[in-house]
Amino acid sequence: DVKVTQSSRYLVKRTGEKVFLECVQDMDHENMFWYRQDPGLGLRLIYFSYDVKMKEKGDIPEGYSVSREKKERFSLILESASTNQTSMYLCASDTGNTEAFFGQGTRLTVV
Amino acid sequence: DQQVKQNSPSLSVQEGRISILNCDYTNSMFDYFLWYKKYPAEGPTFLISISSIKDKNEDGRFTVFLNKSAKHLSLHIVPSQPGDSAVYFCASQNTGNQFYFGTGTSLTVIP
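Residue numbers (our numbering), protein chains in the order written: chain X, -15 to 95; chain Y, 761 to 871.
Note that these hints are calculated values from the structure, not bench results.
Careful, some of the hints might be misleading.
Claimed, not checked - Once the Cα atoms are required to be at most 30 angstroms apart in a straight line, the calculated DSSO-like pairs of lysine-lysine come out as:
#	chain 1	residue 1	chain 2	residue 2
1	X	K(-13)	Y	K816
2	Y	K765	X	K(-13)
3	Y	K831	Y	K797
4	Y	K765	X	K41
5	X	K37	X	K(-3)
Taking the hints into account, I'd like the entire structure generated from these sequences.
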């Protein structure tokens, strides 16, 4: 069974905190992605990575950074959380030749 | 700029009838199209896909149709079942392997 695992299902953080969202995949996929999902806006790409230590900005990278030190792990970092970053965050991975596999999602609330 | 559009935010269908979900795209360079299904508080799961060289792909109750000249694809579910109630995302993939998602259509199948 293919698996993309996100470390937390639900998180509540305070404004200004530094937040780490972790994602691990066990399929040896080269590509990994971070999306956020908001009502009426669908899935929007924040950052993606096509190799270890490589990263590319997606459509909405502002306020976020990422880290990929190992092939199986892709971390999303909110440098200073703000209330407009309250959202569902989804990690995904693929090989480039198949559909993407998604994690269960992390519902982040910034208060 | 939304490259993939799902103009119907919601759809209600009687159990046993056909559900038709529509999706339009703007970029003629897209060569792979996918549908994902998403339940609340879960990550999207892959449902069905179609390559740009085909105009139809069928998998059980699910059929995807692609009209390249109109830049339009649709997902047909026959017969619809209550368990099909979910949000459906259309996605397109270009040769750079980046996914573009629509905003989603929430399907409710009424028993």
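Evaluated hints:
1. Taking the CA atoms of K(-13)(X) and K816(Y), the gap is near 29 angstroms; set against the 30 angstroms cutoff, the hint holds.
2. Of the supplied pair hints, the one linking K765(Y) and K(-13)(X) holds, its CA atoms being roughly 29 angstroms apart against a limit of 30 angstroms.
3. A threshold of 30 angstroms between alpha carbons decides the hint, and for K831(Y) with K797(Y) the separation of about 21 angstroms falls inside it, so the pair holds.
4. Under the criterion of a C-alpha separation no larger than 30 angstroms, the hint pairing K765(Y) with K41(X) is consistent with the structure, at around 22 angstroms.
5. A threshold of 30 angstroms between alpha carbons decides the hint, and for K37(X) with K(-3)(X) the separation of about 27 angstroms falls inside it, so the pair holds.
In this structure, every one of the numbered hints holds.
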